[in-house]
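These protein sequence lines are chains A and B, in that order. Be aware that the first sequence starts at 229, since it is given in my numbering, and climbs by one per residue. Be aware that the second sequence starts at 23, since it is given in my numbering, and climbs by one per residue.
Simulated from the structure, these hints should not be mistaken for laboratory data. There's no promise every hint is true.
[To be verified] Ranges of calculated distance between the beta carbons of each label pair, as one might list FRET restraints:
hint, chain 1, residue 1, chain 2, residue 2, range
1, A, A385, B, H139, 26 to 34 Å
2, B, E63, A, V440, 46 to 54 Å
3, B, E63, A, C591, 33 to 41 Å
4, A, K550, B, N105, 54 to 62 Å
5, B, D86, A, T585, 30 to 38 Å
6, A, K433, B, D86, 30 to 38 Å
7, A, D586, B, H139, 49 to 57 Å
[What the hints assert, rightly or not] Quick list of in silico lysine to any residue cross-link-like pairs, SDA-like style, CA-CA up to 25 Å:
hint, chain 1, residue 1, chain 2, residue 2
8, A, K407, B, E153
9, A, K372, B, E61
10, A, K404, B, M64
11, A, K372, B, G89
12, A, K378, B, S115
13, A, K426, A, V440
14, A, K646, A, A438
15, A, K378, B, E82
16, A, K372, B, Q76
17, A, K503, B, D86
18, A, K273, B, E153
19, A, K273, B, F154
20, A, K404, B, G62
21, A, K482, A, Q319
22, A, K574, A, E529
23, A, K372, B, H139
24, A, K372, B, E82
25, A, K378, B, M64
26, A, K257, A, W499
27, A, K404, B, E61
28, A, K623, B, F156
29, A, K407, B, F154
30, A, K646, A, L348
[Claimed, not checked] From chain B, some residues computed to sit far from chain A (all C-beta separations above 10 Å):
hint, residue
31, K24
32, P57
33, D70
34, T72
35, P81
36, R92
37, E106
38, A165
39, D166
40, I168
For every residue, glycine included, the Cβ atom is placed at its ideal position computed from N, Cα and C.
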Amino acid sequence: MVAQKITIEPVTRIEGHAKVTIRLDDAGKVEHAYLHVNEFRGFEKFCEGRMVFEMPNITPRICGICPVSHHLASSKAGDAVMGAPAPRPAQLLRELMHMGQIVQSHGMHFFELAGPDLLLGFDSDPATRNVVGLLQANPELTVKAVNLRKWGQEIIATLGGRRIHPVFSVPGGVNKALKKEEREAILAGYDDAIATIKIGLDIIKGWAQANVEDINKFGVFPTGYFGLVDPENALELYDGQIRLLGSDGKQLEKFEPSHYLDYIAEHVENWSYLKFPYYKKLGYPKGVYRVGPLGRLNIAEKITTPLANEELKKFKAMNNGKPVENTLHYHYARMIECLYAAEHVKDLLDDPDIFSTDILNTCHNPQPEGVGVIEAPRGTLIHHYWADEHGKIEKVNLIVSTGHNNWAMCEAVDSVAKTYITGPNITEGLLNRVEAAVRAHDPCLSCSTHAVGQMPIIIEVRDTQDNLVQTISRD
Amino acid sequence: MKTLFLGYGNIDRQDDGVAWHLLCEVMRRLNYPPPQDPEGEMPIIMGDFTFDFQLQLMPEIANDLGGYDRICLMDAHTGNVPNEVNIEHVNPSYQSSPFTHHMTAGTLLSLCEVIHHHIPETILVSVRGYEFLFTRSLSAATADLIDPAAEQIINWVK
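Extracted from the complex, chain A is given alone in its bound form (with noise of 0.2 Å):
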């Protein structure tokens, strides 16, 4: 047979925003596939001319999928280029709000996107393989997973003070204190929060017991891991070092976050807006790594609340202590930071500092950088900054964390795409397993919001002299 490439490609709200290309030999097997992103937003050049202290408010604006995340990265960077670290209250109220961001992040992602897959299987009919699908099996678990996402989006408005872009966190602090009764309505929330994401954790275990042989051979390769620790090595969200680990599990290197130009490159292909990190070290790629839930929990060596930890031994005896390397755990990695961040609401708001007024630091000694890094969902997330002596931007660079698992995505989905497809029969199910393997790492591309009306999947088989020969969609 004639070679021939498939296409995917989710016709976004952007267009031309990003695609799943497979080829295939002469025999109908896979030569190669890749994840290639054809857009790049660069809202780097648009930050420079701003004032510091606008960043915050501008960046989340950005994106309409992770806003949270980029607002208090953002503030970190503006800590450090006021030279105005936040109060522990003010440190407080941030991770209060990154952990509601979390858990609904998360608690999304688990439910509504990669469930149907895991619950109803890559091969179920389309039409009910959904979070409708999910509802209609399982009505009473849907409506449990809808409101767990509620309660993590109602920690980031009661912090945020308002529903669209809140404003809360600042170089220096935050501008609002929590109240009493904003604390016990977030607590009101907390024990069927616990008992959701206690439910996840029990489908994607057993879905895991019955697959073994498909979690096995789907998308396992080894890299490196990458994000930030404490000073013991529990998992940290918020703040911390940051750790790299190669793929035999060994400590590579363990540094300040501000330092992360010494240890990270990014290697540029000409397919892709989307560049590849990588630990200068080693080069490229011998020095990519993974990020996000799967890289975090292999980065960790315990969780500091006990719910979440034993589930980490658990999770960590599946490959004797060295790196579970299965890109389909990445959506138990999630769950167990969800839980994680779930119990950690409640550590947060035991805090005898937490309704402290003592939130905004005032005391500036400007510097020419600085660097706000934070665990977002998906993973690493850089803000740097540089500024005049006035505080205004001359530079910035971010690094986002779909950017740092850019490589893994891409060797996920030639990995899956080798495994399953091996003739020229493509059914649906085979392509919903290439989708999955880039679901798994629950990417970003986008710096807008949303698609409008259908977002129908084109599949092209072209042959090698690129004529069509084929066309798969799904509405």
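We have chain A; now place chain B onto it with these hints.
Then chain B, alone, in the frame of chain A:
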């Protein structure tokens, strides 16, 4: 008939926020004062009409849809939709993407159907966006589409 007018989009990304401008025009034509601040208190309830603006569609919105007989969703679109002002009836249907946490109107209505056992009569009015820079002002081309879009919505309401 209880009717919800729900616009959504990123008002800071130029034409992506066209739904806000359209929502305000619809309110004016129905003789209600439009809100000044898209980030202010919402929804606004005026008798049987509710007006709301969100950054994006989210699953929890489905919880609130059960009490409506009719829903008018408002959004922007790019060139993948041929009409400059496009109006379509929305049926419950699901779509997913591997890339972002996005939700379609059809998916939202699906959730509403299963949660509430009720499908409000729903239309999606989308307006062509041409520019998506970092500003709250619409491009001239998209701004010109507000009036015809609002007129069609008013005709549907009446």
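List, from low to high, the hint numbers that the structure doesn't satisfy.
8, 9, 17, 29, 35
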